[in-house]
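J.: In order, the protein sequence lines correspond to chains A and B. Everything in the first sequence is counted per the working numbering, starting at 17 for the first residue and increasing by one. Everything in the second sequence is counted per the working numbering, starting at 11 for the first residue and increasing by one.
Any given hint might turn out to be false.
[Said to hold, decoys possible] Under the rule of at most 30 Å between Cα atoms (straight-line distance), these lysine-lysine pairs were calculated in the DSSO-like manner:
1. Lys48(A) x Lys146(B)
2. Lys52(B) x Lys86(B)
3. Lys52(B) x Lys111(B)
4. Lys67(A) x Lys86(B)
5. Lys52(B) x Lys179(A)
6. Lys148(B) x Lys67(A)
7. Lys179(A) x Lys148(B)
8. Lys52(B) x Lys48(A)
9. Lys146(B) x Lys98(A)
10. Lys190(A) x Lys48(A)
11. Lys164(A) x Lys108(A)
Calculated from the structure, these hints are not laboratory results. Owing to the predicted nature of the structure, the values given are computational and were not obtained by experimental measurement.
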Amino acid sequence: MDELQISVENTQLSSSLLAPLFSQITNDQRLKILDMGMALSATVNFFGQTKSRLQFCGLIDSHLDQYNDPEYTQAERVALFKSSLNIQADVKFDVILFWDIFCYLSAPAMVAFLEVLAPHFHNQTRAHCIGQLNARQKMVFSEYGISKIDALYHQLNDSQPPKLYPHTRHDFAKLLGYLQVDKSCLLSGNRVENLLLLNQEL
Amino acid sequence: MKDIVAQAGNFVRSFIHRFGSERPPLPTISEQSFDIKVDEKKQSMVAEAVAIVGQLNCQGDLSIEGQFKGSIQAAKYTVVIGTNGFADGDIAANNLLVKGKVVGEISVADRIIIAKTGTIIGNLQAARVELENGAKYKGVIEINPIEQAETASEPVSENRPKKLPPTPPVTGTSAMEPS
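Chain A with its partners taken away, still in its complex shape:
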């Protein structure tokens, strides 16, 4: 186990979907990024020379389990996400970095989560998420960042991992609602990365 942990600490994951994630960005706009994790040095340094607005929600930690509590009504869950995300009402994001948050959200929690985020999408909003490739295999609880345009940075998340909620591909596509998977690529460590675009059919 120790050997496994050492091997997954602070590594880069080669990514094919970061480049298309930023391909709609023009030089003159202030880039608005929403990151569901805590800020990592890699991500901040990556955007360090860019006129940008980076919002780090710090949502992916052991407290994530609370959103899945079946005692909550859907309205309560929405209110809880709204309060945790704390997004300014008029902000619309160009890029959303979900990382692996969907792996730790139950179906009702995922619906509530995306309902809170939907007003902050615009027509060109793009998003990136990481999923579990095989639900029967273990996925290490990690923190992610952007190392360079073709590489993700990841390190072990030292907090208690929340419960995993595997979604089938079909269910996941339905739960995404306002978003749809445009491309998927395999990553190491039982992961798959997805590029998400706005669902034009809705």
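On the provided structure of chain A, position chain B as indicated by the hints.
T.: This is chain B only, laid out in the frame that chain A set:
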């Protein structure tokens, strides 16, 4: 009368002992590893055992090793929050180095560094933001890089968004890239 004189003498001796030349110098923070210069001759310090509530208007650099609640105005100067320091409130500074904890709105004209032991919860504006590996940050960062002479805006290439660096620089003293 003799008692009063004796008491006064004792008070003066105790005052000299605490604040006079025999007193060990106040600890100062060396920021060489962070490339942030602190004017140690002019810096003020909230020491480790001190808790202050109020507003600080600084006319020099400031180090906080203790607890401070309120606003800090040091627009032309450097503010350092030491490893055990805690600042709860808004901070305006020219440079800011956080090794301890800050909760509040932060506006920095030039550069902010969050060291590996540092935590900030709150929104911040700065020209340059650097996090050491291990630093904790939650909130909104507005990055306003100092403008450089540029040609007219061009569309972004397919492979790499313009202005985004190909590799992030390593900051502070600890390397963050894997070997």
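J.: A separate judgement is required for each hint: does it hold in the structure or not?
T.: For each hint, the structure was consulted:
no.	hint	in the structure
1	Lys48(A) x Lys146(B)	holds, 20 Å
2	Lys52(B) x Lys86(B)	holds, 13 Å
3	Lys52(B) x Lys111(B)	holds, 23 Å
4	Lys67(A) x Lys86(B)	holds, 23 Å
5	Lys52(B) x Lys179(A)	violated, 53 Å
6	Lys148(B) x Lys67(A)	holds, 19 Å
7	Lys179(A) x Lys148(B)	holds, 23 Å
8	Lys52(B) x Lys48(A)	violated, 39 Å
9	Lys146(B) x Lys98(A)	holds, 22 Å
10	Lys190(A) x Lys48(A)	holds, 26 Å
11	Lys164(A) x Lys108(A)	holds, 24 Å
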